[in-house]
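Engineer: Okay, here's what each chain looks like letter by letter:
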Amino acid sequence: KQEVTQIPAALSVPEGENLVLNCSFTDSAIYNLQWFRQDPGKGLTSLLLIQSSQREQTSGRLNASLDKSSGRSTLYIAASQPGDSATYLCAASNAGNMLTFGGGTRLMVKP
Amino acid sequence: GAGVSQSPSNKVTEKGKDVELRCDPISGHTALYWYRQSLGQGLEFLIYFQGNSAPDKSGLPSDRFSAERTGGSVSTLTIQRTQQEDSAVYLCASSPGQGGKLFFGSGTQLSVL
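Chains A and B are the protein sequences, given in the same order.
Under our numbering, the residues of the first sequence are numbered 1 to 111, in order.
Under our numbering, the residues of the second sequence are numbered 112 to 224, in order.
It is worth saying that the hints were derived from the structure and are not from the lab.
Built from N, CA and C at the ideal position, the CB exists for glycine as well.
Don't take each hint at face value.
The list that follows gives simulated cross-link-like pairs (lysine-lysine, DSS-like), each with its CA atoms no further than 25 Å apart [as the list claims (entries may be wrong)]:
1. B:K212 x A:K1
2. B:K212 x A:K68
3. A:K68 x A:K1
4. B:K168 x B:K128
5. B:K212 x B:K168
6. A:K42 x B:K212
7. B:K122 x A:K42
8. B:K168 x A:K1
Here are some, though not all, of the chain A residues that point toward chain B, as calculated from beta-carbon distances under 8 Å [unchecked claim]:
9. Y31
10. N32
11. G43
12. L44
13. S46
14. L49
15. S93
16. L99
17. G102
Can you make the complete structure from the sequences, with help from the hints?
Structural biologist: Printed below as a string of structure tokens:
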């Protein structure tokens with residue numbers, strides 16, 4: 001059974017800092033890995049999807065990497081802004097198209 | 112539609128009553144998922160549909176939970192004889208197909224008194 005862990009559970013940084021969120025998974029036989037953002041009281045917004053054959057994906061200030069052999073993914077946020085404050089979730093997709101989510105990292109970017 | 116639509120956005124019910132939650136996926140999306148998010152908890156997988164069939168029902172917490180999808184589009188999640196531990200946000204997501212990006216609705220906040 002796939003297990004996904006995210007570290008740290010919470011993070012507070014001053015505006016402008018570059019930061020890294022970590023995601024680890026136990027079953028490396030994944031189809032893809034996705035990063036989502038969740039704002040309080042809202043649904044999830046997909047940020048980046050990395051296929052199992054890819055090593056990274058970039059969108060604006062966001063860069064996600066994937067290392068299947070070590071069971072790890074990272075989400076790098078450059079030049080953080082207060083608007084980046086949210087909970088960030090990673091999810092690994094395995095056979096049967098089931099996504100297993102991590103517990104999330106609550107990010108606070110202070111002005 | 113423009114996005115995944117869920118209704119109602121909020122539902123308050125009494126213990127023992129039945130509830131139905133509705134999900135309208137993005138038009139043309141063949142895959143549909145239901146997840147549950149309890150307060151302070153992560154997302155718990157409930158069920159996945161590919162078209163109208165549900166190859167994986169393993170996540171449904173008990174036989175009080177059921178789900179169906181008709182016409183490859185709208186899905187309803189039914190909870191019978193609700194219990195207080197059923198209180199959570201129920202999230203629906205759709206995807207163009209297997210392995211594709213998921214698009215989530217805003218969820219239904221269910222409160223069982």
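Engineer: Hints first: check each against the structure and report whether it holds.
Structural biologist: Quick rundown of the hints versus the structure:
The straight-line distance between the Cα atoms of B:K212 and A:K1 is roughly 22 Å, inside the 25 Å bound, and the hint therefore holds. Distance hint between B:K212 and A:K68 is fulfilled; the C-alpha atoms sit about 19 Å from each other, no more than 25 Å. A distance of roughly 16 Å separates the Cα atoms of A:K68 and A:K1; the hinted pair therefore holds under the 25 Å criterion. About 23 Å separates the Cα atoms of B:K168 and B:K128, which keeps this hinted pair within 25 Å; it holds.
Simply put, B:K212 and B:K168 have alpha-carbon atoms about 21 Å apart, close enough for the 25 Å limit, and the pair holds. A threshold of 25 Å between alpha carbons decides the hint, and for A:K42 with B:K212 the separation of about 18 Å falls inside it, so the pair holds. Restraint check for B:K122 and A:K42: the C-alpha separation of about 16 Å stays at or below 25 Å, so the hint holds. Our distance criterion of 25 Å between C-alpha atoms is met by B:K168 and A:K1, whose separation comes to about 15 Å.
Contact between A:Y31 and chain B, as hinted, is supported at the beta carbon level, the nearest pair being about 5 Å apart and thus within 8 Å. Nearest Cβ of chain B to the Cβ of A:N32: about 6 Å, under the 8 Å cut. The hint holds. The closest approach between the C-beta of A:G43 and any C-beta of chain B is roughly 4 Å, which is under the 8 Å cut-off, so the hint is satisfied. Of the supplied interface hints, the one on A:L44 holds, with its beta-carbon coming within about 4 Å of a beta-carbon of chain B, less than 8 Å.
The interface hint given for A:S46 is met, as the beta carbon of that residue sits about 5 Å from the closest beta carbon of chain B, less than 8 Å. Among the interface hints, the one on A:L49 holds; its C-beta lies about 5 Å from the nearest C-beta in chain B, closer than the 8 Å criterion. Given the 8 Å rule on beta carbons, the hint for A:S93 holds: about 6 Å separates it from the nearest Cβ of chain B. Evaluation of the A:L99 hint against chain B yields a held restraint, the C-beta minimum of about 7 Å falling below 8 Å.
A least Cβ separation of about 7 Å between A:G102 and chain B falls short of the 8 Å threshold, and the interface hint therefore holds.
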